[in-house]
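With the sequences and hints as input, model every part of the structure.
Quick note, the sequences are listed as chains E and L, same order.
Its first residue numbered 0, the first sequence is counted upward by one per residue in numbering that gives the first Met the number 0.
Its first residue numbered 0, the second sequence is counted upward by one per residue in numbering that gives the first Met the number 0.
None of these hints come from the bench; they were simulated from the model.
Check each hint, because a few of them may be wrong.
[Said to hold, decoys possible] Across the chosen pairs, the derived CB separations fall in these ranges:
no. : chain 1 : residue 1 : chain 2 : residue 2 : range
1   : L       : S44       : E       : R131      : 29 to 39 Å
2   : E       : S130      : L       : I85       : 47 to 57 Å
3   : L       : T45       : E       : S130      : 54 to 64 Å
4   : L       : V227      : E       : G64       : 52 to 62 Å
Cβ coordinates follow ideal geometry from the N, Cα and C atoms, glycine included.
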Amino acid sequence: MTAVIDVENLTKRYRSTTAVDDLSFRIEEHAIYGFLGSNGAGKTTTMSMLTAQNFPTSGSIRVFGEQPYENARILSRMCFVRESQKYPDDFTPQHAFHSARLFFPHWDEDFAQSLISDFRLPVRTTIKKLSRGQLSAVGVIIGLAARAEITFFDEPYLGLDAVARTLFYDRLMEDYAEHPRTIVLSSHLIDEIADLIERVLIIDDGRLLVDETTDDLRGQAVTLTGSADQVDRFIVGRELLHRQSLGNVSSATVLGTLSDAELTDAREAGLERTPVPLQQLVVHLTQKNRNGSSGTGSGAESGAGTRSIESSEART
Amino acid sequence: MTTASRTTTSTATGGTTVTTTGDAPRAADPIRARAADPPTGRTASTGSRILNVVRLQFVNRYTFLWIPLIIIVSAVILSLAIYWMIGSDSPMYGGGGQAPLWYYLVAGIQAMSLTFPFSQAMSLTRREFFLGTVLAAAISAVVLAAFYVLLGLLEQATSGYGINGYIVYLPWVWESGWVGTAAVVAALTMFFFLTGFWFATIYRRAGTIAVTLATVGLAVVLLAAIFVITRMEAWMSVLEFFTTLGPLGLAGILGGLAVVVGTASWVTLRRSMH
Chain E
0 MTAVIDVENL
10 TKRYRSTTAV
20 DDLSFRIEEH
30 AIYGFLGSNG
40 AGKTTTMSML
50 TAQNFPTSGS
60 IRVFGEQPYE
70 NARILSRMCF
80 VRESQKYPDD
90 FTPQHAFHSA
100 RLFFPHWDED
110 FAQSLISDFR
120 LPVRTTIKKL
130 SRGQLSAVGV
140 IIGLAARAEI
150 TFFDEPYLGL
160 DAVARTLFYD
170 RLMEDYAEHP
180 RTIVLSSHLI
190 DEIADLIERV
200 LIIDDGRLLV
210 DETTDDLRGQ
220 AVTLTGSADQ
230 VDRFIVGREL
240 LHRQSLGNVS
250 SATVLGTLSD
260 AELTDAREAG
270 LERTPVPLQQ
280 LVVHLTQKNR
290 NGSSGTGSGA
300 ESGAGTRSIE
310 SSEART
Chain L
0 MTTASRTTTS
10 TATGGTTVTT
20 TGDAPRAADP
30 IRARAADPPT
40 GRTASTGSRI
50 LNVVRLQFVN
60 RYTFLWIPLI
70 IIVSAVILSL
80 AIYWMIGSDS
90 PMYGGGGQAP
100 LWYYLVAGIQ
110 AMSLTFPFSQ
120 AMSLTRREFF
130 LGTVLAAAIS
140 AVVLAAFYVL
150 LGLLEQATSG
160 YGINGYIVYL
170 PWVWESGWVG
180 TAAVVAALTM
190 FFFLTGFWFA
200 TIYRRAGTIA
210 VTLATVGLAV
220 VLLAAIFVIT
230 RMEAWMSVLE
240 FFTTLGPLGL
250 AGILGGLAVV
260 VGTASWVTLR
270 RSMH
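This is the structure:
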């Protein structure tokens, strides 16, 4: 694989806080990345620095092998769609798209027009008067139609309803299939984007927690679905991440892998392996990191496990 | 790199299933993104990107074209109404012509606070944004200056709209003819625009307190100058200086100030974050 972004020891310190703490990772070309983490984990700051909108305190950033700051050659190959993008006063969506056409070399006007009608976006209303969802749609349309070689979407769905979000995911996948490029999608709605992303980067407190393929990450846990009794039997002695019950049918996600013998056993017990919910896995890894970093050891870890059982049961 | 090594991604969202394999999309029109790639032929040169910033600033033609003209026309109409109410046989001069300048202060602030973040979303460098924006403001200043010259010639030809009322045709400014007037108007416009731009840049980089301190600092400097001139009883020589300076000299000084403020803006903007 070819890395299009190469980050080494990236750190951003503000007066009293460290927003990004010694991050090192690579982003490969032609892949969709999920950039995950809680609020304030440093996702937006990192993406700002990668697009040279913000400056690192230390560390190095290479995009297409070059340093991006004030580098038009590199910047013009990227597009960063912010959650809270500002637009010039009295701009309409039409003005914004017209401008984007000037600056993004791969801009596809037909695609933009079809997205405008898909999202039912009023293009002649000033952006100030748009709803939050319509405002997000403006950014999403720019990000998709720009077809930049690297596109960052920072929580692009704020205010978008379920229909519009599905539309965004569908259009993104369709267009990505025809025009492969690198996409970095930061999101809180992890399960919604779980099927889109090929690789996962998780950061917490400005530090990199996970850098894996989605499949490998999911491979760290197993979800079994079947009769509640059999599920209970199987999860004994394993760390439980998530459990859902409906009548006599239960579904439980536990950490670790199953041996072939255990798999056969499970199959005979009428248990089915279903996809691991990514969100629970991410929550677990984040909690584990926080307990670990506060130095309370393994006792707290199993405590976290118990908490996640309680919270998941409370939800079902 | 081999495409065969890519895993097959199968995605199902909202009922549509898109299956992507490593080979299929490449056969379509892949966007080239290899580290060693030279910039593609479609990548615009810096010069044309700067010109595109000018076009970006004029996408909404109100900002740099119609609003300044609307303001000066309104100022003329309001001044004429006042002149008409006063009525006089000797020429009446007013200061309504300065009205658009204050708008340029605001336009400078907005170019920074609103258009700069958008220019970043358009993946522009700070240099491209700054040069394109200054060029757009300069074009606007030239248009405004031309409009002042035309208005002045009209006032001259109609003896103050037939009622001895002058707004733009001020004798001292027209001392060197239309060239001097155009130069003064253009230089003043740029000075006001860049001042607004600079203060907005300071605000972005350092916040409200910095802007307040800069404003207070400026006031202190002006006050000190006034104090010194008054103490030295030098007001007459100051007036004399400006009289002998003439409009072209004044335009030169204003232009120099605009360059100083513009340079300061660039230095502040260069390290300013989104």
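Hint-by-hint comparison with the structure:
1. L/S44 with E/R131: 29 to 39 Å: Holds: the Cβ-Cβ distance is about 38 Å, inside 29 to 39 Å.
2. E/S130 with L/I85: 47 to 57 Å: Roughly 51 Å apart at Cβ, these two residues keep to the hinted range, so it holds.
3. L/T45 with E/S130: 54 to 64 Å: violated, 37 Å
4. L/V227 with E/G64: 52 to 62 Å: The hinted range 52 to 62 Å holds for L/V227 and E/G64, with Cβ atoms some 57 Å apart.
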